[in-house]
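Make a model of the complete structure from these sequences and hints.
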Amino acid sequence: MIVFEYIAEALFFGFVILTFMGGFMAIRSRLLMHAVLGLAVSLFGVAGLYFHLGSPFLAMMQILIYVGAVCIIIVLGVMIGNTPDQLLAKKQVRKNLPLALVTCALGFVGLFVAMIVRTEFTSATEKVGDMSIRFVGENLLYQYCMAFELISVVLLTAIIGAIILARGGREEETS
Amino acid sequence: MEIFYSLLPELIRIVIAAICGAVIVFGNALVMGYAERKLAGHIMFRPGPMEVGPHGIYQLVIDGLKLMGKQLVIPKNADTPLFMLAPLIAFAPVFVPLLVIPFSDKIQGFDLDVGLLLILAFASINVLAILIGGWSSNNKYSLFGAIRSVAQNVAYEIPMLISLLAIIFMTNTFSLKEIAAAQSPVWFVVIQPLAFLIYIVAMVAETNRAPFDLPEAESELTAGFHTEYSGMSFSLFVLGEYANMFIVCSVATVFFLGGDSGIPLPYFEYTGIIWFLLKVYLLMFFLIWIRWTYPRTRFDQLMNFCWKYLIPFSLVNLLITVVMVKLL
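Residue numbers (this note's numbering), protein chains in the order written: chain A, 520 to 694; chain B, 2 to 329.
These are calculated hints, taken from the structure and not from any lab test.
From the three backbone atoms N, C-alpha and C, an ideal C-beta is built for every residue, glycine too.
One should not assume that every hint holds.
Just a sample of chain B residues kept apart from chain A, beta carbon distances all over 10 Å, derived [stated by the list, open to error]:
id : residue
1  : A18
2  : M69
3  : D80
4  : W136
5  : A253
6  : I264
Here are the computed lysine to any residue pairs in the SDA-like style, where the Cα-Cα straight-line distance is at most 20 Å [to be verified]:
id : chain 1 : residue 1 : chain 2 : residue 2
7  : B       : K327      : B       : T172
8  : A       : K609      : B       : D80
9  : B       : K77       : A       : G541
Listed next, the stretches of chain A that the computed footprint assigns to chain B, with coverage defined by at least 3 CB atoms under 8 Å from CB atoms of chain B [said to hold, decoys possible]:
id : stretch
10 : 573 to 582
11 : 590 to 597
Structure representation (structure tokens):
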């Protein structure tokens, strides 16, 4: 038994390290491709954490959705981002680095403290079997129905907007 | 300590499932590689490989040895770490879906209640590998192939999911074993012929095979995303492709062709695997057949076909299914 608890613990820290490493790669790299791949690694870590928390459904959806999303971001990056040669030619401005660091640190600490102070921590109830699909579905369609529908409307608007923008460009080209 | 012993069978099961997965991946690549070349030959009225062994059956073994001995060439301007990583990302995830495929009543790694999602999630990682490989080669042909692959795979994932969703609504479960078991009187291919057709088309597109092999179109892009790859890193892409074909054909078998059902044999909990593999390899034969029979589509035709025909038809099919499930 102890062995399995150790394995679970090790997996948990492995996923946490993966998440942080991916995040660090994402902000540290100057090349958009590497940054987005860091994001992918980080999201895999989060999927692993969902799995560790006993919801394989959420973990699978995380991988399924974000792999596609990461691919799209990479394609956009290839189309509008700088190439490696252009990046090497550019000089990085480091004049405002201390100011940026201080602002980020203050913002992060402020948000973090506010989050800890304002959240009521309750101990989780014991899980009985894996009900994740049914549970997520019922919650989305009963308790959070309004938010769910609003998000759908926002996404629909975004899709229609993207189609209109793309079509407009194409018609101008042909005329 | 007692709990350890009670969990020990599970550990042994994991190890055996992993070994069987490796056997399936490599054995399948050998069989399919030979079958593909032989069938391609016969479709074109030529004998195919004939020199190594009787009717060339050892050809693939020799080819494998040759590929392992080849030098790995990395282009000077390539992004070396990503260039080396891409074939591994293409190859590694194919082992996971094999764990949940119900080959017969008793032969299955794990029966997860999110089995289908697991397969789709890990099969979708293949696109990321193609994209990384194409971009990091620093070659215009490779980049074109990679970007085509993203557009194609993201588009064809939608009709694939929706056509499978119709079956999910009928069976009320994501577990592959229960879906296979739900077809004991009639297979779902009879009840859902449209969903089956849509799935087959999307399946060909998802595995990047002709007539939808735009990411690696030889005539326009030399070899698309794997132009710069050689030796073992190239063969990892090919192994991944054959394993993905096996996986999508297995999903088709489970969802539409009744899984392991067939004429009962003795010890059917185990011997059902014969029927299962027979159906899977018939589908694979079909894939090879259309690859060497039809010409490649143009890219705009490919995308139009998905967005203007497959997605609306699959949505209508889903709607009809939902109404029928509610009424009956």
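List in ascending order the numbers of the hints, as given earlier, that are violated by the structure. Numbers 3, 4 and 9 - these are the hints that the structure violates, sorted from lowest upward.
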